[in-house]
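Residue numbers (our numbering), protein chains in the order written: chain D, 1 to 292; chain C, 293 to 583.
If you're looking for bench data, these hints aren't it; they were derived computationally from the structure. Just so it is clear, CB atoms sit at the ideal spot from N, CA and C, and this is done for glycine as well. Be careful, since some hints might not be right.
Chain C stretches covered by chain D per the calculated footprint, using a threshold of three residues with CB under 8 Å from any CB of chain D [claimed, not checked]: (1) 330 to 341; (2) 364 to 373; (3) 377 to 385; (4) 394 to 408; (5) 433 to 447.
According to the in silico footprint, chain C covers these stretches of chain D (three or more CB under 8 Å from chain C) [said to hold, decoys possible]: (6) 98 to 109; (7) 255 to 263.
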Amino acid sequence: MSAGLLERPAAPAQTLALRSLAALEARRYARSPLFLIGVSLLVWTTTVATGDLAKNAATADPGDLDLLPAFCLGLLGVFVGHQLTRSLDGADEALGATPSDRVRRTAALCLACLVPGVVALVWVGWMSAALAMWRIPLSASISSGARAAMLLSGAVCAVGGPLFGVLVARWTRFPGSALVAVVVLAGWTLLSTVSLAQPPSRSGTFLHLSAPFTAWVSMDSPRSAAWVAGGSPGWYLAYLVLLCGLAASAALFPGSTGPRRTRVLRVLGSLAVVAVVCLVLAVLPDPARIPL
Amino acid sequence: MNTTASVELTGITKRYRGTTALEGVDLSLRPGITGLLGPNGAGKTTLLRILATVLAPDAGVVRLLGRVPTSAEALAEIRRRLGYLPQEMGFPRGFTGFAFVEYVAVLKEWTARDSRHEEVRRVLDLVDLGDVATRRVRALSGGQRRRVGLAQALLGAPDLLLLDEPTTGVDPEQRVSLRQVLSTAGERSTIVLSTHQTEDVAALCDRVVVLDRGRILFDGSVRDLVGTARGRVWLADAPDPQARASWRTGTGRHRNVGALAPRGSEPTEPTLEDAYLLLLGGRGQTTGVAA
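Kindly generate the complete structure, drawing on both the sequences and the hints.
Written out as structure tokens, the structure reads:
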């Protein structure tokens with residue numbers, strides 16, 4: 001019945017405690033059925049699409065694929081992040097009596113959102129290798145740095161989606177809030193594409209780039225010529241990274257108290273200002289679209 | 293045995309939207325097992341939540357394990373030495389018993405994997421769940437789930453163990469087994485056991501606190517509380533109209549509990565339940581032997 005009593009652990013460093021918890025949450029994330037569905041979807045669509053690229057290297061439009069991790073891992077990730085956060089609600093009272101407070105638990109969940117990011121980075125590596133292997137140039141007027149930023153944007157969205165899910169789970173209590181969050185995200189993205197039907201302008205570029213799940217390259221269409229949207233992919237990437245930081249900080253806000261709350265507020269304010277600056281910098285370059 | 297107070301409450305008051313859950317509660321607890329009895333809505337769960345640091349009182353001073361839980365550091369220090377089983381506990385989908393208790397162990401800062409696993413196995417064995425540890429919690433019976441909840445509270449042999457209805461849904465054999473676990477733990481820890489099962493309190497606790505409408509109605513030893521019912525419980529062939537409560541026992545005779553056994557009746561040894569019924573029946577008059 002009884003076994004020898006182990007020494008209760010001494011108070012570990014905050015980072016060590018957070019790391020252990022984050023590792024556990026990362027394992028939960030990696031085992032989430034929705035995440036596994038997203039990864040399967042990403043692998044399948046990438047395999048099919050890169051097969052087409054290999055066959056039609058001269059006419060293919062690889063920019064279409066940039067958003068795959070954003071949709072397969074990011075959009076589904078909203079549900080995963082939300083579900084992981086809310087799954088322990090029933091045990092919240094017992095968990096609340098442990099030394100790991102809500103802020104630490106949320107921070108661990110935010111770190112676990114790097115799991116889809118790692119998968120997306122592997123995808124970026126694979127895509128880069130595939131594009132180089134089949135010698136598929138996007139456009140001579142797009143630098144390799146800008147091309148890399150476009151590819152990486154999708155990977156950042158793969159992290160941002162789950163972070164948004166954690167944020168929504170921490171701020172809302174009503175059933176179906178994850179679905180509402182996805183609808184809002186998808187609606188924002190669709191709204192941003194409205195500007196692409198108009199002649200290029202800075203305000204149009206601003207609207208286009210303000211959305212986190214935005215494609216740089218027009219979709220393949222027999223009715224219109226393909227093009228790359230105006231603006232700076234590099235600054236847009238920085239803007240997306242800052243949105244991720246904003247989502248994580250805002251998720252940490254509920255449950256934080258005293259000086260910690262003040263710190264979170266300061267970080268939130270600073271990130272918001274820098275994000276706006278990055279968005280403006282992303283919009284500043286020539287809004288003209290680059291034909292492919 | 294350590295005799296310094298683990299829990300010191302002074303003038304604790306808590307209200308929910310105009311309803312008073314606790315009113316000026318003073319309590320000092322030392323290592324040992326204290327039973328917390330009271331009718332529904334008496335304030336037991338609110339008191340346990342305050343002791344578990346998951347709820348702050350509106351007024352009064354709380355001192356737990358030598359610290360006042362106001363700063364984040366003090367809260368973390370207290371929680372490192374605290375085990376808490378809430379009244380209601382949901383389990384996340386897909387978790388096995390082992391995985392859930394391990395999750396709590398990580399939250400309790402067992403960062404080293406090997407010792408954490410060893411500790412999780414220890415507490416699961418303590419509550420006799422070692423053989424079903426790899427089953428999903430949602431597939432377990434209500435009593436087994438309750439024991440998973442108890443296992444997480446026992447992690448790290450906490451100095452202050454707060455248990456809200458730990459034996460709900462647990463079969464008699466397991467209840468006896470849990471009593472053994474708790475009585476051993478009570479030798480070094482301060483345990484507060486909130487329950488409606490007076491037999492658990494009688495079997496385990498050296499002290500009992502009865503709460504009613506947010507106030508302490510009785511605070512003293514189980515023997516003292518039982519003593520208040522002496523001469524007020526009697527057996528008869530029919531229900532006694534003078535009795536406060538009367539029921540037919542398995543022997544066919546009626547057990548009557550009332551203000552005073554009538555002359556010529558057959559008095560019998562009172563139980564804690566009898567004393568509790570009488571105490572609540574005479575609410576308003578503080579019987580506090582040791583209060």
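* Asked: Among all the numbered hints in the text so far, which are the ones the structure does not match?
  -> When the structure is compared with the hints, only number 1 turns out to be violated.
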